[in-house]
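Visitor: Sequence:
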Amino acid sequence: MGTGVSNWRLAQAVSRLGQLGVVSGTGLDHILVRRLQDGDPEGHIRRALNHFPFQKIVQNILNNYFIPNGKAPDAPYRNFGPHAVSGKREPQELCIAANFVEVFLAREGHTNPVGINYLEKIQLPHLPSIYGAMLAGVGVVIMGAGIPLEIPGILDVLVNHEAVSYPIHITTQKAGGEVIRLEFNPNDFHDDTTTPLAALHRPAFLPIVSSDTLATMLLRRATGSIQGFVIEGPMAGGHNAPPRGKLQLSAQGEPIYGPRDVVDLAAFRAMNVPFWLAGTYGSAQKLAAALAEGASGIQVGTAFALCVESGFTPELRHALIQKALDGKAEVFTDPLASPTGFPFKVAKLEGTLSEPEIYNQRRRGCDLGFLREMYRKEDGTIGYRCPAENVAAYVAKGGKIEDTVNRKCLCNSLVSNVGYPQHFKGGGQELPLLTLGDDYVNIGQFCKPGSLDFTAADVIRTILG
Numbered sequence: 303m304g305t306g307v308s309n310w311r312l313a314q315a316v317s318r319l320g321q322l323g324v325v326s327g328t329g330l331d332h333i334l335v336r337r338l339q340d341g342d343p344e345g346h347i348r349r350a351l352n353h354f355p356f357q358k359i360v361q362n363i364l365n366n367y368f369i370p371n372g373k374a375p376d377a378p379y380r381n382f383g384p385h386a387v388s389g390k391r392e393p394q395e396l397c398i399a400a401n402f403v404e405v406f407l408a409r410e411g412h413t414n415p416v417g418i419n420y421l422e423k424i425q426l427p428h429l430p431s432i433y434g435a436m437l438a439g440v441g442v443v444i445m446g447a448g449i450p451l452e453i454p455g456i457l458d459v460l461v462n463h464e465a466v467s468y469p470i471h472i473t474t475q476k477a478g479g480e481v482i483r484l485e486f487n488p489n490d491f492h493d494d495t496t497t498p499l500a501a502l503h504r505p506a507f508l509p510i511v512s513s514d515t516l517a518t519m520l521l522r523r524a525t526g527s528i529q530g531f532v533i534e535g536p537m538a539g540g541h542n543a544p545p546r547g548k549l550q551l552s553a554q555g556e557p558i559y560g561p562r563d564v565v566d567l568a569a570f571r572a573m574n575v576p577f578w579l580a581g582t583y584g585s586a587q588k589l590a591a592a593l594a595e596g597a598s599g600i601q602v603g604t605a606f607a608l609c610v611e612s613g614f615t616p617e618l619r620h621a622l623i624q625k626a627l628d629g630k631a632e633v634f635t636d637p638l639a640s641p642t643g644f645p646f647k648v649a650k651l652e653g654t655l656s657e658p659e660i661y662n663q664r665r666r667g668c669d670l671g672f673l674r675e676m677y678r679k680e681d682g683t684i685g686y687r688c689p690a691e692n693v694a695a696y697v698a699k700g701g702k703i704e705d706t707v708n709r710k711c712l713c714n715s716l717v718s719n720v721g722y723p724q725h726f727k728g729g730g731q732e733l734p735l736l737t738l739g740d741d742y743v744n745i746g747q748f749c750k751p752g753s754l755d756f757t758a759a760d761v762i763r764t765i766l767g
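Residue numbers (our numbering): 303 to 767.
Simulated from the structure, these hints should not be mistaken for lab results. What you are looking at is a predicted structure, and each value in this text was computed from that prediction instead of being measured. Since no wrong hints were added, every one of them can be taken at face value.
Simulated pairs of lysine-lysine, DSS-like, Cα-Cα distance not exceeding 30 Å: (1) Lys702 <-> Lys390; (2) Lys630 <-> Lys588; (3) Lys625 <-> Lys588.
Model the full assembly from the supplied sequences, consistent with the hints where possible.
Guide: Structural data, given as structure tokens:
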């Protein structure tokens, strides 16, 4: 749920209450280094790193990024080089450590399971990220925005710290592109390879799907076992599956979903595999309806995104809640904003990149690179481009100029949402772009009279009745 929104505090709060708390696995490496550059004021990051099994990596990270008492408030954060198909050492070390830290902190102080959620589209960090989460004892891995056929088998192999690989899609001049294998060997990161490490717990795997066709394919062709499905409809926040068939837009410019996009729950019941429903299911009535359809439960995002334990800054959270209480909550399903090409839910809020005039003033660039596309250059090497980067740069890399229209830099804006905006030399900073599901309009059910704050416990109490 959003980069850093479903953070360790929120996941811990939910898991402590007997539900499955899930941390977002997107961009944790960048969030880790920014927390350290802010001085890690409460010491949580360093405490978790003390438990990380590979202390040479910890020392590298602290030496490079930890700033006692924090950087100057308007000083830019130091970034690191983005992930590459060559398997750069530093980004991989940061991914392993950052995913370990987030899961370790979410699990701290209780014995209930904790999950982690990844986007299949962000392929390059998958292997070190999952390994780091497994080192911390993650109980469930959830993955959407793609077809993660090989993740179950990778979980099986990483249990014993063995080498794995993952297919990476490369865009070429030929239709369909090509696929190469990204290699990852956990033993390359161990302090002492002569002492065998204990086997890890194999987490359950729950892919996010929007149709029974995809679920059936995953059950038949996945490289390992699947423990259930999260069925997510187009009213859920973040990235949505595009409508089936030719894309048609409403008068407001949103994708039109039709009968072909309605999920056949009878088909899921026939699979005899647990499933959870997501997308405007955050209420007691919708929970009851889901259970009546044979679901094992529901996935709730928007309500938890706006509770006090969420990673959203208090200012943004309060502004969003106030708009909902005033009857002005509005979410736009933007077919163009995300560089992935998937529709992306944008919560409209003054002063953010949801306003076109503000978005148009932003200086385009790509310095984090979560959503970069890999492509084969004329000389045979692999290049990286993003339709949200500088237009001239994108076109020079062989990209089509029409693909750049209205694309937004989700990487920088989503990190800004949780209080770590990049500051520019000479003044200014990256602005937020918020995502919520259509359930945003119902957020008042969790609020106490006269207050803009509610907790994860309030959400759970309200939904469970």
